[in-house]
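S.K.: Okay, here's what each chain looks like letter by letter:
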Amino acid sequence: MAAKDRFRCMRCGHEWEGEDSPDRERVCPRCQSNSVRKLPHPAPAQG
Amino acid sequence: MMDVGRHPRIRLLTYSEVEDVSGHVGNFRVRVRKKARYVDEKECTACGECAKVCPVVMPDEFQMGLSTRRAIYIPFPQAVPSAYVIRMDECLGDNPIACGKCLEVCDKKCINFDMQDELLDLEVGAIIVATGMDVYDPEPLDEYGYARYQNVITTMELERLVSAGGPTEGHLIRLTDGRPPKRIGFVQCVGSRSSDGRGNPYCSNICCMNTVKDTLLLKQHDPEMEITVFYMDMRTFGKGFEDLYMQSRAAGVRYVRGLPGEVVEDPRTGNLIVTVENTTANRLERHELDMLVLSVGAVPRRETEPIRQLLTLSRSRDGFLMEAHPKLRPVDTPTRGVFIAGCAESPKDVKDSVTQASAAAARASTLLNAEHIVVEALTAVVDPQRCTGCGACARVCPFGAIRVPAKKEPAQVTAAACAGCGTCAAECRFGAITMRHFTDQQIFAMIDAILEERPQDVFVAFACNWCSYAGADTAGTARLEYPPSARIIRTMCSGRVDEDFVLHAFKKGAPAVLVSGCHYADCHYINANRNTVRRMDRLWTLLERKGVRPERLQLEWVSAAEGQKWAQVVRDMERLRASVTPEEIAHTMQVLADVP
Chain A
431 MAAKDRFRCM RCGHEWEGED SPDRERVCPR CQSNSVRKLP HPAPAQG
Chain B
7 MMDVGRHPRI RLLTYSEVED VSGHVGNFRV RVRKKARYVD EKECTACGEC AKVCPVVMPD
67 EFQMGLSTRR AIYIPFPQAV PSAYVIRMDE CLGDNPIACG KCLEVCDKKC INFDMQDELL
127 DLEVGAIIVA TGMDVYDPEP LDEYGYARYQ NVITTMELER LVSAGGPTEG HLIRLTDGRP
187 PKRIGFVQCV GSRSSDGRGN PYCSNICCMN TVKDTLLLKQ HDPEMEITVF YMDMRTFGKG
247 FEDLYMQSRA AGVRYVRGLP GEVVEDPRTG NLIVTVENTT ANRLERHELD MLVLSVGAVP
307 RRETEPIRQL LTLSRSRDGF LMEAHPKLRP VDTPTRGVFI AGCAESPKDV KDSVTQASAA
367 AARASTLLNA EHIVVEALTA VVDPQRCTGC GACARVCPFG AIRVPAKKEP AQVTAAACAG
427 CGTCAAECRF GAITMRHFTD QQIFAMIDAI LEERPQDVFV AFACNWCSYA GADTAGTARL
487 EYPPSARIIR TMCSGRVDED FVLHAFKKGA PAVLVSGCHY ADCHYINANR NTVRRMDRLW
547 TLLERKGVRP ERLQLEWVSA AEGQKWAQVV RDMERLRASV TPEEIAHTMQ VLADVP
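Protein sequence lines correspond, in order, to chains A and B.
431 is the number of the first residue of the first sequence in our numbering; add one for each residue after it.
7 is the number of the first residue of the second sequence in our numbering; add one for each residue after it.
The hints are simulated quantities; they were obtained by calculation from the structure and are not laboratory data.
Note that CB positions come from ideal geometry on N, CA and C, so glycine has one too.
Incorrect hints may have been included.
Unchecked claim - Calculated from the model, a selection of chain B residues having no Cβ within reach of chain A, i.e. all distances over 12 Å: (1) P83; (2) F119; (3) G267; (4) Q391; (5) P411; (6) T445; (7) G523; (8) W546; (9) Q596.
Unchecked claim - Some chain A residues judged to face chain B by a derived CB distance under 8 Å, without partners named: (10) M440; (11) R441; (12) H444; (13) P452; (14) E455; (15) R456; (16) S463; (17) S465; (18) R467; (19) K468; (20) P470.
Let the hints inform the model, and build the full structure from the sequences given.
M.R.: Pasting the structure below:
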């Protein structure tokens with residue numbers, strides 16, 4: 431299964447997981463802000 | 007349709023599909039696949055002898071599956087051209103062992119099994135998209151029992167049943183026993199104005215009046231018929247519509263405010279027991295009906311989607327094609343030279359469709375009759391000395407207005423196709439693209455001017471021309487109060503906001519920066535604002551890496567109607583601005599100084 435994207439609201443700080451889509455606006459589920467940052471995927475573990 | 011078919015200056019291509027569109031306003035090249043119909047349409051006299059002998063029986067799509075057709079058929083009685091067509095995926099073939107019966111009986115010898123699809127390359131100056139709509143499939147609304155009970159039908163099926171050209175030659179019958187129904191119910195808003203995800207949130211516009219028309223028609227057929235309409239609101243807003251509604255009520259049609267919660271069939275009689283809360287009378291009612299008609303709403307046509315992609319058109323939130331401007335350019339699209347008409351744009355009745363089609367034809371005609379095409383002086387200009395031919399600009403252009411002729415050759419802009427969003431200029435890392443009247447120098451100068459004195463007291467807001475700037479206007483005209491600390495820089499699209507503009511503002515001491523644009527569905531440059539999001543992600547990462555609070559950069563989508571939202575966004579930004587200390591600003595200026 432594809433890894434889910436992680437998002438952080440840049441207004442209220444709320445973090446959640448979901449799927450990013452170019453057809454769907456990013457909206458914070460808590461404060462409804464569009465200042466939603468897609469957090470970089472963590473680097474894969476070495477070794 | 008017949009007039010169109012006969013017109014000497016209209017070439018009608020039926021049974022054809024648009025496969026590719028290239029070029030730009032005034033010079034579109036359209037590739038059309040004219041599918042083989044295996045019957046010479048010029049020779050066919052529509053005598054029908056072929057269909058009589060065809061052994062393949064299929065449901066007739068035009069009659070909503072209520073009657074059958076053959077593999078060789080005329081799609082509907084008024085089809086233009088009036089000629090038969092063979093569905094080769096259903097036909098048994100021309101081999102005499104397999105079938106070939108139609109070949110034997112066709113006196114005109116117009117059936118040709120060797121016919122091939124034809125590819126046509128057309129050059130046109132303007133394009134009008136009028137691809138229509140589909141109707142909602144009510145199967146997910148299980149409470150109405152459409153998939154379970156034969157006497158629950160849709161308005162489309164009712165239309166066929168009462169049509170003289172329909173499967174019953176206009177005699178309305180129940181599908182279970184073939185008897186004429188005496189008690190009919192209509193359920194409104196099936197698949198429309200729905201908030202539970204099973205239907206669409208929008209009003210389909212035409213269903214109320216279609217039901218009023220149907221009730222009058224049925225009353226004409228049988229004045230004794232008992233008709234009940236279950237509705238949320240009857241929307242009779244057009245010219246003469248309220249009169250028709252009143253006529254329907256005067257004719258004895260009962261209107262019950264409330265949608266059925268349950269429909270159950272009496273297996274003995276096939277009658278339907280409808281339970282509904284009458285919200286006007288404030289009571290629960292049960293109605294026994296012979297037939298229930300679901301007034302299904304309109305949905306965007308699936309086949310419009312490939313056309314939309316070929317022509318780089320936008321969709322509105324409900325999935326229908328979006329106009330360039332709802333009031334000032336209602337039949338234009340963001341792609342110059344492409345117009346829209348009819349239900350491809352939104353659900354509408356015949357009158358509105360004809361009005362819109364006339365407007366689209368007039369707009370196209372004006373364009374075609376002009377000696378020159380005038381382009382607004384907002385287009386992108388490439389500096390060939392700076393351009394490396396990387397193609398980044400071409401990749402983000404929503405209109406396909408930029409091309410790189412060969413690797414590492416300077417990009418070329420087709421000015422007639424460029425809409426001026428500026429996302430190419432924001433994407434170019436070599437400063438090789440200048441947006442006329444929205445140049446980098448002009449925008450940097452505005453930022454400098456805003457932050458020249460007491461920068462800590464203000465924040466910079468980039469607002470797109472069409473939505474956010476208009477949203478700020480709406481807030482102003484509505485006299486909404488919000489803090490005066492916003493300093494707005496207008497760009498045509500939020501996609502024009504170069505990352506360097508934001509960084510420059512922070513370097514010059516801005517406590518906070520807001521980037522604001524159209525909602526996704528409202529983007530006037532198709533999807534240019536998706537690039538804004540990508541750039542914001544990059545900026546937030548950079549700011550964080552540099553030790554700057556990334557929250558100081560905010561993004562909001564504000565539409566022209568959202569004055570309230572604009573005011574709230576500014577209030578939130580003001581709180582954010584006030585939270586930024588002079589030390590934080592000084593630190594930001596210091597750590598960003600080395601960012602080129």
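S.K.: Does each hint fit the structure? Answer for all of them.
M.R.: Consistency of the hints with the structure:
The claim that P83 of chain B is not at the interface with chain A holds, since no C-beta of that chain comes within 12 Å of its own (minimum 40 Å). Once the 12 Å rule is applied to beta carbons, F119 of chain B is consistent with being away from chain A; the minimum gap is 43 Å. Every Cβ of chain A is farther than 12 Å from the Cβ of G267 of chain B; the closest lies at roughly 31 Å, confirming the non-interface assignment. A cut-off of 12 Å between C-beta atoms confirms that Q391 of chain B is not in contact with chain A; the least separation is 34 Å.
Interface exclusion of P411 of chain B from chain A stands, the closest Cβ pair being 28 Å apart, more than 12 Å. Taking the minimum C-beta to C-beta distance to chain A, about 28 Å, the non-interface status of T445 of chain B holds against the 12 Å cut. Consistency note on G523 of chain B: stated as away from chain A, yet its beta-carbon is not over 12 Å from all of that chain's, at 9 Å minimum. Not every CB of chain A lies more than 12 Å from the CB of W546 of chain B, the least distance being 5 Å, so the non-interface label is violated.
Distance to chain A confirms Q596 of chain B as a non-interface residue, since its nearest Cβ pair spans about 22 Å, more than 12 Å. Proximity of M440 of chain A to chain B holds as hinted, the smallest CB-CB distance being about 5 Å (cut-off 8 Å). For R441 of chain A, the shortest C-beta to C-beta distance to chain B is roughly 7 Å, which falls under 8 Å, so the interface hint holds. Of the supplied interface hints, the one on H444 of chain A is violated, with its beta-carbon coming no nearer than about 12 Å to a beta-carbon of chain B, more than 8 Å.
Given hint, P452 of chain A at the interface with chain B, holds; its Cβ is 5 Å from that chain's nearest Cβ, closer than 8 Å. Interface hint at E455 of chain A: satisfied, since its Cβ lies 5 Å from the closest Cβ of chain B, which is below the 8 Å cut-off. Interface restraint check for R456 of chain A: the shortest CB-CB distance to chain B comes to about 7 Å, inside 8 Å, so the restraint holds. A cut of 8 Å between beta carbons decides the hint on S463 of chain A: the least distance to chain B is about 7 Å, and the hint holds.
Nearest Cβ of chain B to the Cβ of S465 of chain A: about 5 Å, under the 8 Å cut. The hint holds. About 5 Å separates the beta-carbon of R467 of chain A from the nearest beta-carbon of chain B, less than 8 Å, and the hint is met. Checking K468 of chain A against chain B: minimum C-beta separation of about 5 Å stays under 8 Å; hint holds. Interface hint at P470 of chain A: satisfied, since its Cβ lies 7 Å from the closest Cβ of chain B, which is below the 8 Å cut-off.
The structure shown violates the earlier hints numbered 7, 8, 12.
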